[in-house]
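Residues per chain are reported as follows:
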Amino acid sequence: MSVDVVGQAWRTPLGDTVDTAVGRLLAGERAATDQLRFETRTYACRIGAPILSSPQRSKHSRFLRRMGLFGLEAAHEALQQARTRGCEVSGERLGIFCGYGGLRAHWDDMMEALSGQQPEQSGTWERGLKRIHPYWMLKHLSNNAHALLAADLSARGDGATYGGATAGSQALGAAIRALDAGSIDVALVFAYDSLLEPETLVDLAARGAATTAELARLAAPYDVQAGGFVPGEAAAALVLQRPGSGGALMSITAADGGDGRPSEPGSETLAAVAARVARADTVVDGAGRAVPGLDTEERTVLAGSLGEGARLTAVQAAFGQLGAATTLVQAIALGNCLGRGVLPGITGLREPAEGPLIPLRESQPTDARSALALSTGAPGLAAAVRIEITDAPALRGAP
Amino acid sequence: MSRAVITGCGIVSALGLGTRAFWNALSEGRAAVGPIRHFDASKLPTRVAGEVPVLETNGTWLREALGGHLSEVAIEAWEQSGALRDRKIGFGWVAALEAWRQAGCGDDGQDTWLSMALGLEQAFLEDFGPLLRKEGGRPSIDWAAESGAPLPRVRFRSRIDLCAEGLTSMLRLGGPVIPHVSACAAGTLAVAHAASLIERGAATRVLCGASDSMVNPLGLGGMSRLGAPSPRAEPDACRPFDRRRDGLVIGEGAAMFVVESEERALARGALPLARILGWGSTQDAYRATAPLPDGAMAKRAMQQALKRAGLSARDIGYVNAHGTGTPLNDPAEARAIREVLGHVPVSSIKGAVGHLMAASGAVELAACLLPFQRDCLPGTAHHRERDPECDIDVIGERPREAHVDTVLSNSFGFGGQNATIILGRWS
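Residue numbers (my numbering), protein chains in the order written: chain R, 1 to 399; chain Z, 1 to 427.
Treat the hints loosely; a few may be bogus.
Derived lysine-lysine pairs resembling DSS-like cross-links, with alpha carbons at most 27 Å apart [claimed, not checked]:
1) K139(R) / K59(R)
2) K43(Z) / K130(R)
3) K43(Z) / K139(R)
4) K130(R) / K59(R)
Pair ranges (Cβ atoms, derived) [as the list claims (entries may be wrong)]:
5) R314(Z) / S90(R): 24 to 34 Å
6) R276(R) / R386(Z): 45 to 55 Å
7) H133(R) / A77(Z): 29 to 39 Å
8) D111(Z) / E351(R): 39 to 49 Å
9) S58(R) / E263(Z): 42 to 52 Å
10) S263(R) / Q110(Z): 16 to 26 Å
11) A77(Z) / S115(R): 40 to 50 Å
What the hints contain is simulated information worked out from the structure, not anything from laboratory work.
All C-beta atoms in this analysis are idealised placements derived from N, C-alpha and C, irrespective of residue type, glycine included.
So here's chain R without its partners, still in its complex pose:
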């Protein structure tokens, strides 16, 4: 089922507003930096794509960490935009679906209570557990952003929180099913994730997924020199309605799947997930993993369904890999690029590797009105989303 998008918002490494970040994407800017929030000199992966702003002051700060606060900001903004486009709903007919990628230990958050502990675990309470803040568990609760947003909006309809690398896509899929089933009239989908935590950078580099290159030598996905992706972070939100409800910016279809592999999914899985949403599309936003073998496999399977001449971009070359927020960011970025009649180039692509599809080295004009986007994650997870623009002037934004 395809649904209408009537509101959108994000916080990304290229900017906090859609117009700003899409403008920078189309200008060929890349968010990668070696100036992160913490010292990375001793790390194998030393670069990332951080959000440069800080969350606004919020009454929810005692319950939410930084990325959750960004998630709430994006969700509120998306709903506000939806309201300006005639979407009026609250209460039991508004559902909230969340994708949360941060199911990690967050070691540094725990050091205050744990740095005095002994390996043999003697006297754990006296050595620090008694100093844990009463809200410590709530602050790390997976569905706290979902709960606080529901309370903010008096949203009492269907909803759930999904975790992991493709959680945003799973939240999107659940929202579409709920709209299809008629249990809600409007769905607010939001997702947030940061791969820029000390423990995540260490792990991604050890797995060979993240780049270990210096910033000056960073190669883009689909480049012959590609050597791993740039970890990033983002929060994004979409407001969805059933088709024909009015006020649509674009329509969207989503699918997710997997094959149970411990690391990245196989090419057959990517092909199967893409085939579930593709419909004669000639533009594809690739998963952009920047690992030559995986990039080639991906191009080959996509050529099988889209044709060898389909144009290939990779918004994650500019934004960084965004984990659970990826699908929503791809949808917003591509929808707005199509609305402007311009396809984004693959930022930093110098020498495309051999293979099918046409990797875009620079932004170029297009009359395409739809695009397919893919993303992947471990263990064996794949997600696809198809975007078709319905209101190009609104997506074009302010002049």
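Assemble chain Z onto chain R, guided by the hints.
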């Protein structure tokens, strides 16, 4: 539209390993909350729990339980990763293997999806050993980057990913993994999601359920600071719907189910344990730590489930309540049950096994199979004194004999996440 049926069930709880131990204990009215034994909890504010009777934390029990499902090389790899000592990962694996076996599934998991919840606790005190050995300065993750030693990968991986990797490897599952993280409603939502996939034809078989364990110093310490557990360190500390209730008791365990389309199950000669008839999901939109006092949205979740199942209130023969034994939750839920379903038999098994957090909905759904298996409704351990604020037909400590065809289970999570699911007898 395909109908979703449960063809396999596996359970790990304080009442023992396996469905037989679980159903035997429930039908005999036994409870298993007691002093924590697998580590020294004597100085913690919370010293009782629904502890699974497996005391080793070095994975020996799990190694034995997995015999035949993983090669020795694979077991050693998991041991190295540290996954074997994470109790919730082990419980999830053992429950899934039992469900898989009970369903009669063989080496054909390629088209099987995995929809599960796993407790979100990601770290253990013992993981800090290497960090604490850093000389001088504040212990930090930098040690791992600087040391040059082999990276202790488990310390950085999501536990739910590790659990899923083990299951897909053991059972050769080839479908997507859907991690549910909606707090204490997650287990119920994982099963509802599975049924939804079957009904819509998106999947033909889903291994689903939940596993959790917070029975460790960090989990109990954090919950104690939050103030949710009963202050009493006694085996009857959790008293659902009782006038003297004063808080929850933490439990641990897992329940996993094989859910598939009725057509496929019958075609391969499997005998379904139950039908999944309907489910509902709502949000309180109220507070992070307290339910909506009037139970309005819990009520709405039950109404949604009835509507989806095409049933009326009088069709429901038994309710397995969320029933945490906390002062606020029980009256709100009781009011919702009374207003939607009237005078229906209700019980909570949390007095017997504790509150299994993310896994609570799944294990309680397994308890909902007992009426179909043995014409027996589980009792409510430690419910002795009726509370006028909870004006419903609470089944007391002794189970009740009854033949019912339709049962309903509630799960309500932190943040006001409500989920209800309805099962029907298969015949």
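Verification of the supplied hints:
no.: 1; hint: K139(R) / K59(R); in the structure: holds (13 Å)
no.: 2; hint: K43(Z) / K130(R); in the structure: holds (11 Å)
no.: 3; hint: K43(Z) / K139(R); in the structure: holds (25 Å)
no.: 4; hint: K130(R) / K59(R); in the structure: holds (25 Å)
no.: 5; hint: R314(Z) / S90(R): 24 to 34 Å; in the structure: holds (33 Å)
no.: 6; hint: R276(R) / R386(Z): 45 to 55 Å; in the structure: holds (54 Å)
no.: 7; hint: H133(R) / A77(Z): 29 to 39 Å; in the structure: holds (37 Å)
no.: 8; hint: D111(Z) / E351(R): 39 to 49 Å; in the structure: holds (41 Å)
no.: 9; hint: S58(R) / E263(Z): 42 to 52 Å; in the structure: holds (50 Å)
no.: 10; hint: S263(R) / Q110(Z): 16 to 26 Å; in the structure: holds (18 Å)
no.: 11; hint: A77(Z) / S115(R): 40 to 50 Å; in the structure: violated (31 Å)
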